[in-house]
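There are 2 protein chains.
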Amino acid sequence: MPQYTAPLRDMHFVLFDLLKVEDELKALPRYAEVDRETIEAVLEEGAKFASQVIQPLNQVGDREGCTWHGDGVVTAPPGFKEAYAQFVEAGWPSVSCDPDFGGQGLPAIVNNRLYEMWNSANQAWLMYPGLSHSAYECLHAFGTDEQKQVYLTKIVSGEWTGTMCLTEPHCGTDLGILKTKAEPNGDGSFALSGTKIFISAGEHDLAPNILHLVLARLPDAPAGTKGISLFLVPKFIPDANGQPGERNAIKAGSIEHKMGIHGNATCVINLDGARGWLIGEPHKGLAAMFVMMNSARLGVGMQSLGQAEAAHQNAVAYAKDRLQGRAPTGAAQPSKAADPIIVHPDVRRMLLTSRAYTEAGRAFTTWTALLIDREHAHPDPAVREEADELMALLTPVVKAFITDNAWETTTLCQQVFGGHGYIAEWGMDQFVRDSRINMIYEGTNGIQALDLLGRKVLMDGGKKFGRFAALIQGFLKEHAANAAMAEFNGPLAKLLADTVALTQELGARAQSNPDEVGAASVPYLRIIGHLAYAWMWARMAAASLQHGGEGFYGTKLATARFYFAWLLPETAHQFRAARAGAATLMAIAADDF
Amino acid sequence: MPQYTAPLRDMHFVLFDLLKVEDELKALPRYAEVDRETIEAVLEEGAKFASQVIQPLNQVGDREGCTWHGDGVVTAPPGFKEAYAQFVEAGWPSVSCDPDFGGQGLPAIVNNRLYEMWNSANQAWLMYPGLSHSAYECLHAFGTDEQKQVYLTKIVSGEWTGTMCLTEPHCGTDLGILKTKAEPNGDGSFALSGTKIFISAGEHDLAPNILHLVLARLPDAPAGTKGISLFLVPKFIPDANGQPGERNAIKAGSIEHKMGIHGNATCVINLDGARGWLIGEPHKGLAAMFVMMNSARLGVGMQSLGQAEAAHQNAVAYAKDRLQGRAPTGAAQPSKAADPIIVHPDVRRMLLTSRAYTEAGRAFTTWTALLIDREHAHPDPAVREEADELMALLTPVVKAFITDNAWETTTLCQQVFGGHGYIAEWGMDQFVRDSRINMIYEGTNGIQALDLLGRKVLMDGGKKFGRFAALIQGFLKEHAANAAMAEFNGPLAKLLADTVALTQELGARAQSNPDEVGAASVPYLRIIGHLAYAWMWARMAAASLQHGGEGFYGTKLATARFYFAWLLPETAHQFRAARAGAATLMAIAADDF
Numbered sequence: 015m016p017q018y019t020a021p022l023r024d025m026h027f028v029l030f031d032l033l034k035v036e037d038e039l040k041a042l043p044r045y046a047e048v049d050r051e052t053i054e055a056v057l058e059e060g061a062k063f064a065s066q067v068i069q070p071l072n073q074v075g076d077r078e079g080c081t082w083h084g085d086g087v088v089t090a091p092p093g094f095k096e097a098y099a100q101f102v103e104a105g106w107p108s109v110s111c112d113p114d115f116g117g118q119g120l121p122a123i124v125n126n127r128l129y130e131m132w133n134s135a136n137q138a139w140l141m142y143p144g145l146s147h148s149a150y151e152c153l154h155a156f157g158t159d160e161q162k163q164v165y166l167t168k169i170v171s172g173e174w175t176g177t178m179c180l181t182e183p184h185c186g187t188d189l190g191i192l193k194t195k196a197e198p199n200g201d202g203s204f205a206l207s208g209t210k211i212f213i214s215a216g217e218h219d220l221a222p223n224i225l226h227l228v229l230a231r232l233p234d235a236p237a238g239t240k241g242i243s244l245f246l247v248p249k250f251i252p253d254a255n256g257q258p259g260e261r262n263a264i265k266a267g268s269i270e271h272k273m274g275i276h277g278n279a280t281c282v283i284n285l286d287g288a289r290g291w292l293i294g295e296p297h298k299g300l301a302a303m304f305v306m307m308n309s310a311r312l313g314v315g316m317q318s319l320g321q322a323e324a325a326h327q328n329a330v331a332y333a334k335d336r337l338q339g340r341a342p343t344g345a346a347q348p349s350k351a352a353d354p355i356i357v358h359p360d361v362r363r364m365l366l367t368s369r370a371y372t373e374a375g376r377a378f379t380t381w382t383a384l385l386i387d388r389e390h391a392h393p394d395p396a397v398r399e400e401a402d403e404l405m406a407l408l409t410p411v412v413k414a415f416i417t418d419n420a421w422e423t424t425t426l427c428q429q430v431f432g433g434h435g436y437i438a439e440w441g442m443d444q445f446v447r448d449s450r451i452n453m454i455y456e457g458t459n460g461i462q463a464l465d466l467l468g469r470k471v472l473m474d475g476g477k478k479f480g481r482f483a484a485l486i487q488g489f490l491k492e493h494a495a496n497a498a499m500a501e502f503n504g505p506l507a508k509l510l511a512d513t514v515a516l517t518q519e520l521g522a523r524a525q526s527n528p529d530e531v532g533a534a535s536v537p538y539l540r541i542i543g544h545l546a547y548a549w550m551w552a553r554m555a556a557a558s559l560q561h562g563g564e565g566f567y568g569t570k571l572a573t574a575r576f577y578f579a580w581l582l583p584e585t586a587h588q589f590r591a592a593r594a595g596a597a598t599l600m601a602i603a604a605d606d607f
Numbered sequence: 015m016p017q018y019t020a021p022l023r024d025m026h027f028v029l030f031d032l033l034k035v036e037d038e039l040k041a042l043p044r045y046a047e048v049d050r051e052t053i054e055a056v057l058e059e060g061a062k063f064a065s066q067v068i069q070p071l072n073q074v075g076d077r078e079g080c081t082w083h084g085d086g087v088v089t090a091p092p093g094f095k096e097a098y099a100q101f102v103e104a105g106w107p108s109v110s111c112d113p114d115f116g117g118q119g120l121p122a123i124v125n126n127r128l129y130e131m132w133n134s135a136n137q138a139w140l141m142y143p144g145l146s147h148s149a150y151e152c153l154h155a156f157g158t159d160e161q162k163q164v165y166l167t168k169i170v171s172g173e174w175t176g177t178m179c180l181t182e183p184h185c186g187t188d189l190g191i192l193k194t195k196a197e198p199n200g201d202g203s204f205a206l207s208g209t210k211i212f213i214s215a216g217e218h219d220l221a222p223n224i225l226h227l228v229l230a231r232l233p234d235a236p237a238g239t240k241g242i243s244l245f246l247v248p249k250f251i252p253d254a255n256g257q258p259g260e261r262n263a264i265k266a267g268s269i270e271h272k273m274g275i276h277g278n279a280t281c282v283i284n285l286d287g288a289r290g291w292l293i294g295e296p297h298k299g300l301a302a303m304f305v306m307m308n309s310a311r312l313g314v315g316m317q318s319l320g321q322a323e324a325a326h327q328n329a330v331a332y333a334k335d336r337l338q339g340r341a342p343t344g345a346a347q348p349s350k351a352a353d354p355i356i357v358h359p360d361v362r363r364m365l366l367t368s369r370a371y372t373e374a375g376r377a378f379t380t381w382t383a384l385l386i387d388r389e390h391a392h393p394d395p396a397v398r399e400e401a402d403e404l405m406a407l408l409t410p411v412v413k414a415f416i417t418d419n420a421w422e423t424t425t426l427c428q429q430v431f432g433g434h435g436y437i438a439e440w441g442m443d444q445f446v447r448d449s450r451i452n453m454i455y456e457g458t459n460g461i462q463a464l465d466l467l468g469r470k471v472l473m474d475g476g477k478k479f480g481r482f483a484a485l486i487q488g489f490l491k492e493h494a495a496n497a498a499m500a501e502f503n504g505p506l507a508k509l510l511a512d513t514v515a516l517t518q519e520l521g522a523r524a525q526s527n528p529d530e531v532g533a534a535s536v537p538y539l540r541i542i543g544h545l546a547y548a549w550m551w552a553r554m555a556a557a558s559l560q561h562g563g564e565g566f567y568g569t570k571l572a573t574a575r576f577y578f579a580w581l582l583p584e585t586a587h588q589f590r591a592a593r594a595g596a597a598t599l600m601a602i603a604a605d606d607f
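Keeping their order, the protein sequence lines are chains L and C.
Numbering (the working numbering) for the first sequence: 15 to 607.
Numbering (the working numbering) for the second sequence: 15 to 607.
In short, the hints are calculated from the structure, not lab data.
Yeah, the Cβ is synthetic: ideal placement off N, Cα and C, and Gly gets one too.
Don't take every hint at face value.
[To be verified] Listing some non-contacts, in silico: residues in chain C with all C-beta distances to chain L over 10 Å: (1) Gln-66; (2) Gly-84; (3) Val-88; (4) Ala-99; (5) Ile-191; (6) Leu-232; (7) Trp-421; (8) Gly-433; (9) Ala-463; (10) Ala-484; (11) Ala-494; (12) Arg-523.
[As the list claims (entries may be wrong)] Which residues of chain C face chain L? A partial, calculated answer using Cβ under 10 Å: (13) Met-273; (14) Ala-341; (15) Ala-601; (16) Ile-602.
Next comes chain L alone, as it looks inside the complex (with noise of 0.2 Å):
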């Protein structure tokens, strides 16, 4: 059975040695107060309820799933209510929300990797409190004040969950066909027909209401994405007193048997007439609905991230523990019939891809997190001008390029166990295959490759990749006088000209074809992580110099050089294909495939 240790050390790290969290988090007036040992003091608190409560539930949940009771009634694999209930006893959902709706106020990155660390320990359990925590984020920037007063204390309180109805039947990337009906019912509030599916936490036990959020048509509505309105339908709409009243019309009419996160209820949500409240302006639901889907897209990264570690701790302490072979260089441990399979260098190769994509995966999510932080927060308009146009190239990174590296990683730890790894008792295959819609939903991995190179990078002529670019080449300057430094900053310098020099290049060729983008979209993404995953060893490889090079700094280190010499060079692929052109993809006709 798997085993689960929150990376506390390496969490430090990145807070503490790497991104200075505690002199950055003084800049930021609200959460000026928040000290070092705060922070610790709550990731450690978080870890154990990581170990402890919900990691030991992944296997059952996985094993049993979620039962389908007939009539609309789901219930959550076994002990699942019991942990939701723990959870919002101890405060968790409400770490980082604003503390005028009972929020604690924590700054994102506290949530952030409270958030990685759970999950690794359970990604269909905390699908739950996930999905709640996107509504949050909706509600508080568009709902009003008496929505904010009914619901969204509720959604911080964690005593109601919440969900996202987008898609439908016939469409999902292509919200702009959607067909779910909302008539006004000249009280205010609306009358909602129609199917969605797909909708993860759809329905369960664990709260006793469910606040969906869904995207439907009003009757005047212009077609196309911008006849789109979001509505806030609850399960059972609240009484006077704020508690659950009458039953809504809206209601599970199955759940899916799924590859994967089985312990989360995927269902086909109906609306027959339900009742529902508009959240912000007609037609303007899409733009709504993008706060939380952008909440949601950092999300699946963490869920990548999370899974990524489980996967690579248990792969380690089984190459440690298993006895197969001899190091080739002769016998570790004579004594023994065979050698542990850590001596073996493909073994190791294993070992160091995971590790060097999920520790780069953590500083990137911490640094996004901080981002985040100076968004919400920080006094100077710039910074947080700034701060809102890097996580709006970087959310499609966070999101596509965590997710296929945990793909690969968590298949490459699955094979550390030979076949151990394909038998369902050690758990590494539930590693695997949850991760693996990850790389599905809240957008495919190609849309959001496609929103990178085509919105995010060319419609502003690359002003937001020139800030992401600056900050590198910021960092270069910076250590240009330090030779220990050259090994790692004389590749990332030639990345980021190469990958100037591509994204000026694309341009170009867009404006002739538009084909061009998507031809070039998914391995443009794959560079773009690369840059950002070699800044981030390179800054990783710094701060560990300062800190001496010795221990865990030198183990670090020794991370940076694997780095560079194994994954950064996927690029010499990716430029080539980034390169190759729509020709290639579209000389034949779609009746001769």
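Since chain L is already given, all that's left is putting chain C on it; use the hints.
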């Protein structure tokens, strides 16, 4: 529900346009009478069996799995037994077997294409007869006349099935430390005791008897792999009439719950003084087992090729059918709400990746099957020796390169389906889960890479590799004057030259540090795989040009161009990884992981 239609047109192209097997077979006296008409007729019947009989059982096999009834009794999923009876009735087990034992004596190239189809239709089901066929190879090579008469004939007819019993709880890769014991009974038989695990098709209700081939140690066995002997241990000991008689003390202890191939029973097999008979010489069991193992490794490559083709067909159908969004260059079907997703360049990238790998895999495995036919039946010993050496070199490539590619491509095909790809009903996740085992069993892909670089390439000073390189050189020379081939031959020639240089470099490095072999082995296998596929694509392009380069041949040329532009450049990454060196992998002490 997934569909499958055998790609007969492409198989005909590979067999007759590309490899000209009619001429090839004329040079092999044993197969000289096998003409195109016969081959096409057999393949057509095999295709019907695939689509009509076993493909419809693939999803039910996954959903229901095998059933453990206690006391060693296991039943296969609904319909499996009846399909197997049809298979035996039709004479399919004997297609490529020796006529002296009831076989039909058709060449390996025919059986090989049948296996591709049947694997596309139902990998889990095909493992029952597939393992029998590996047992056939072993018993045919090493069995006594009496063993052949009693057992081999039953395997050829399909009346009984076979297994390979190698792995034990404490060892799989490192068979040198296996513990199962064989004590002489004094009557020529042995009493075997021990526990074997991961025994595919280890127990079932498809056949009245199961022939286990078991590795064990004799009392006087030297330590390590030089003390392993191979035994034939029937589930029921044949009586005087060759019918299943006394129940032997070899029994399934349980079946595993796995990530995939649920339709095949993966058993713990307990031997409790079971009667067995030596196959081949004492202590030479590993060599005998390797005959079976090499056959199985090639079979595993075919499993993944089959899975990849089936996934590809369904992804193509979905991409043509699913309406979402508009073509970037303007609506392709303005009268509909949206365009089919095949208009999107990135969807095509996914489909073409799977197409290019699958078609190259088909060409490659048909060519290697032809090598097997030459090896077995060519009158010239020099030709036999060349074929034998090429097969030794390329068996790990067939096993590992195809299975790694299929993992990537079944995942991409699942991705084409978006959220639906994650839902069991659509069947795409089964291709991913089933094909995952292929990277693990019969020697993990890491072990294949070590076998390739350490044993096959470096141990004979590059002789076998030189034979392979010479074939490619010959092709390049033959087509040097063909301007239309320059776009393919240029990159192929460069890759060949680079690979020759790398091989020499790694040979030199391995002298100074044995860890260098393990460090470079996986990237090296990827490079050799691409060298083989680049050659196959160049050959297919040449054949397509010879046939006018239009229609089917035009599509083939376009796919070749895609391969060279998008997939071959992976080697740019792998060359750098292959040269990264062991030091970057071994720098961290095991305890610091």
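So, going through the hints one by one against the coordinates:
The beta carbon of C:Gln-66 is kept farther than 10 Å from every beta carbon of chain L, the shortest such distance being approximately 24 Å. Every beta carbon of chain L lies more than 10 Å from that of C:Gly-84, the smallest distance being close to 19 Å; the non-interface claim holds. With a least CB separation of 16 Å from chain L, C:Val-88 remains clear of the 10 Å interface cut-off, as annotated. In this structure C:Ala-99 is separated from chain L by more than 10 Å, as the shortest Cβ-Cβ distance comes to about 29 Å.
A Cβ of chain L approaches the Cβ of C:Ile-191 within 10 Å, the least distance being about 5 Å, so the stated non-interface status is violated. Every beta carbon of chain L lies more than 10 Å from that of C:Leu-232, the smallest distance being close to 19 Å; the non-interface claim holds. At roughly 7 Å, the least C-beta separation between C:Trp-421 and chain L is not larger than 10 Å, which violates its mark as non-interface. The claim that C:Gly-433 lies off the interface is violated: its Cβ sits roughly 5 Å from the closest Cβ of chain L, which falls inside the 10 Å cut-off.
A cut-off of 10 Å between C-beta atoms contradicts the statement that C:Ala-463 is not in contact with chain L; the least separation is 7 Å. Here C:Ala-484 stays apart from chain L, with its beta-carbon at least about 28 Å from theirs, past the 10 Å limit. Every C-beta of chain L lies more than 10 Å from that of C:Ala-494, the closest at about 25 Å, which supports listing it as non-interface. With 10 Å as the threshold on Cβ separation, the claim that C:Arg-523 sits away from chain L holds: the shortest Cβ distance comes to roughly 12 Å.
Among the interface hints, the one on C:Met-273 holds; its C-beta lies about 4 Å from the nearest C-beta in chain L, closer than the 10 Å criterion. With a least beta-carbon distance of about 8 Å to chain L, the hint placing C:Ala-341 at the interface is held under the 10 Å criterion. Annotation: interface hint on C:Ala-601 holds; nearest CB of chain L at approximately 4 Å, less than 10 Å. Checking C:Ile-602 against chain L: minimum C-beta separation of about 5 Å stays under 10 Å; hint holds.
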